[in-house]
Each structure stands twice: as structure tokens, then as C-alpha cells.
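Q: Residue numbers (the working numbering), protein chains in the order written: chain A, 1 to 139; chain B, 1 to 129.
Hints in this document: simulated from the structure, not taken from any laboratory.
Warning: the hint list may mix true and false statements.
[As the list claims (entries may be wrong)] Rough simulated footprint, nothing fancy, chain B against chain A, three-plus residues with beta-carbon under 8 angstroms:
1) 70-77
2) 87-100
3) 118-131
[Claimed, not checked] Coverage of chain B stretches by chain A, computed from C-beta distances (three or more under 8 angstroms per stretch; other residues unrestricted):
4) 11-20
5) 45-53
6) 89-97
[Unchecked claim] Taking lysine to any residue pairs in the SDA-like style, the calculated list, with each CA pair at most 20 angstroms apart, reads:
7) B:Lys33 <-> A:Leu27
8) A:Lys131 <-> B:Gln99
9) B:Lys33 <-> A:Phe37
10) A:Lys72 <-> A:Val4
11) B:Lys114 <-> B:Gly89
12) A:Lys52 <-> B:Gly75
13) A:Lys101 <-> B:Glu90
14) B:Lys97 <-> B:Asn65
15) A:Lys101 <-> B:Lys83
16) A:Lys52 <-> A:Arg124
17) B:Lys111 <-> A:Glu97
18) B:Lys64 <-> B:Asn39
19) B:Lys83 <-> B:Lys33
20) B:Lys33 <-> A:Ser13
Backbone N, C-alpha and C define an ideal beta-carbon position, used for all residues, glycine too.
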Amino acid sequence: MTPVKATINSDFSAGFEVQQRILDAALKHGYTEVCLFAIKIALEEALVNAIKHGNKLDPQKHVRIEASITPKQAEICIEDEGPGFDRNAVPDPLSDENLEKSSGRGILLIESYMSQVSWDHGGRRVRMVKKNDHPHSDR
Amino acid sequence: MPDPQSLPLQQAMHRLHITDHKDIKIVSFIENKILDEANITEIGAALVALVEARQRPKLVLDFKNVDHLSSAALGMLINVNQKIKLQSGELRLIEIKPQIMEVFVITRLNKLFKILPDREQALESFSPA
Chain A
1 MTPVKATINS
11 DFSAGFEVQQ
21 RILDAALKHG
31 YTEVCLFAIK
41 IALEEALVNA
51 IKHGNKLDPQ
61 KHVRIEASIT
71 PKQAEICIED
81 EGPGFDRNAV
91 PDPLSDENLE
101 KSSGRGILLI
111 ESYMSQVSWD
121 HGGRRVRMVK
131 KNDHPHSDR
Chain B
1 MPDPQSLPLQ
11 QAMHRLHITD
21 HKDIKIVSFI
31 ENKILDEANI
41 TEIGAALVAL
51 VEARQRPKLV
61 LDFKNVDHLS
71 SAALGMLINV
81 NQKIKLQSGE
91 LRLIEIKPQI
101 MEVFVITRLN
111 KLFKILPDRE
121 QALESFSPA
């Protein structure tokens, strides 16, 4: 098992570094290309959500990231210090009236690409799990 | 009419490769990722400058090099599409890899954009001048 733990400022470049550590660990554990793509897209969207929509780019606020990556699954938790949100109140980006809106697809992509997703702590924390398609022995 | 070599275009020249075919602009993304917010803003501003410089703009966006994109990039594409439609123009997306196509399908944006396999089919698909 490879743990990744970090607390970052509300800064996209800091988020990118953590994203890379998690992806490197998944690559080391033999995740398929399809899984790596899914984790990358979900991580990108979750970090942007936390930094931009949660913390509103406030440099005083932090984002906590905790991940554990095994050959079978990657579990990633991302928590911001924003006001949280009600998942059920988020407009459906797939409805005809929202199709041409230029935002609101991040959550859809996270939930589509990950195996399990839960929004906890009033929406401030997302827990995402991706099962590896074809796990093999730890490398 | 804005100068086609306006500042947004100049700033994004290292991210975009732009060629002309008759009255059609063909834009290829140079980088393999369209993720970073600052880059997306820059690319979006350049594409808007490109279409605002023309009446009835015809634009082909070539995704051959693109391996990753984010929801922010999708939003940028929607904005560019709206600008083009406002000017009675046409947009085509081409050379989208299967994993990127899946993103368009998941978000139903494959219904909004006209997506074609390659440049040849895109060029043939435009309304006559």
C-alpha cells in the first residue's frame, strides 16, 4: 500500500504536485491506462472544486488530501475549508436546459469515472474510490 | 473588425497551430493536456478572437494531440461554440481519441458539437461560401 498525504494552499500548482504523486503510485501498482485516465480526470475535477468552488481561491484556506493506493484500489479523500454544498441541489448538467451551460460538469465526471463516490462533512469532503480493472501483484 | 493577430492570439500561439483552408480556419492543440485553468482561459480568448475577426466563421478544432481535458475545457468549447453560432458560423471537432470521446458522451456534449473523424470530412461538411 502506498499512502499519499498532503495539505496544500488554495493553489492549482500545489494540487498538481499531489495529483502527480497519486498517479505515480497508481502507475507503480500496475493500474491500467483506463484507470489512470479515470483517476486523473476525477482528481483534477475534485481539486478544482476544492480550491475554486470550496475555498474560493482563498490563500488562507487549505485543502487536505489523503490517498491510499493498493494494487486493487485507489481511495482518495479531498477536503476543503469552504461552506460545503448540497449534492442533491446541484443542477443536472445532462438536462436539455443545462446542456449549453459552460460549467457544472465536474461532479458528473467524478461520479462517472470513479467506482464509488461520497460527499461528506456537508459537502466539504469527497471520498472517491477507483477499483483497478486488472490488478496484479504489487510492483 | 479586430486584428486577427490580436494579443489573445499572440499569447496562445505556443499552444495552438493555426492554418487556413479557403475560408476555414483549422486550429490544432499543440499540448496533450487542456486542463490548467490559466491555459484554458488563454486558449478560449484566442479562439474567440479568431472567430470574432470573421463574418460567418468556419472553425475546425483538431484534437489529435489531446490526451486529457477537464470540465473547464468543455466550458471553454461551449463558449466558443456559442460565439460562432451568434455569428452564424460553424464549428467542427475532429480527431478526438476514444478516451476523450467518452468524456463528450458522458456529458452529452457529443449532441451539442458536430464531431467528425478527420480534417477531410470536416472540410467537406461546411456549408458552401
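Q: Next step is simple, just say for each hint if it's right about the structure.
A: To see whether the hints hold, each was checked on the structure:
For a cut-off of 8 angstroms, the count of residues in the stretch 70-77 of chain A with a CB near a CB of chain B stands at 0, and the three-residue condition is violated. With 4 residues carrying a beta carbon less than 8 angstroms from a beta carbon of chain B, the stretch 87-100 of chain A meets the three-residue requirement, and the given coverage holds. Restraint check on the stretch 118-131 of chain A versus chain B: 0 residues with Cβ-Cβ distances below 8 angstroms, three needed, restraint violated. Only when three residues or more bring their CB closer than 8 angstroms to a CB of chain A does the claim for the stretch 11-20 of chain B stand; here the count is 0, and the claim is violated.
Look at the stretch 45-53 of chain B against chain A: 0 of its residues bring a Cβ nearer than 8 angstroms to a Cβ of that chain, fewer than three, so the hint is violated. Counting residues of the stretch 89-97 of chain B whose beta-carbon sits less than 8 angstroms from any beta-carbon of chain A gives 0, not enough to reach three: the coverage restraint is violated. Proximity of Lys33 of chain B to Leu27 of chain A is assessed by CA-CA distance (about 18 angstroms); at most 20 angstroms being required, the pair is judged to hold. Between Lys131 of chain A and Gln99 of chain B, the direct Cα distance comes to roughly 18 angstroms. Compliance with the 20 angstroms bound is thereby established for this hinted pair.
A distance of roughly 12 angstroms separates the Cα atoms of Lys33 of chain B and Phe37 of chain A; the hinted pair therefore holds under the 20 angstroms criterion. A distance of roughly 16 angstroms separates the Cα atoms of Lys72 of chain A and Val4 of chain A; the hinted pair therefore holds under the 20 angstroms criterion. For the given pair, Lys114 of chain B sits about 12 angstroms from Gly89 of chain B by alpha-carbon distance, which is consistent with the 20 angstroms threshold. Under the criterion of a C-alpha separation no larger than 20 angstroms, the hint pairing Lys52 of chain A with Gly75 of chain B is consistent with the structure, at around 15 angstroms.
Distance check on the hinted pair: Lys101 of chain A and Glu90 of chain B sit about 19 angstroms apart at the alpha-carbon level, within 20 angstroms; holds. Distance check on the hinted pair: Lys97 of chain B and Asn65 of chain B sit about 9 angstroms apart at the alpha-carbon level, within 20 angstroms; holds. Annotation: proposed proximity of Lys101 of chain A to Lys83 of chain B holds, straight-line Cα distance about 13 angstroms (limit 20 angstroms). Proposed proximity of Lys52 of chain A and Arg124 of chain A is supported: the alpha carbons are some 12 angstroms apart, at most 20 angstroms.
The straight-line distance between the Cα atoms of Lys111 of chain B and Glu97 of chain A is roughly 13 angstroms, inside the 20 angstroms bound, and the hint therefore holds. As the CA atoms of Lys64 of chain B and Asn39 of chain B are separated by approximately 18 angstroms, the hinted pair is consistent with the 20 angstroms bound. Between Lys83 of chain B and Lys33 of chain B, the direct Cα distance comes to roughly 23 angstroms. Violation of the 20 angstroms bound is thereby established for this hinted pair. Distance check on the hinted pair: Lys33 of chain B and Ser13 of chain A sit about 15 angstroms apart at the alpha-carbon level, within 20 angstroms; holds.
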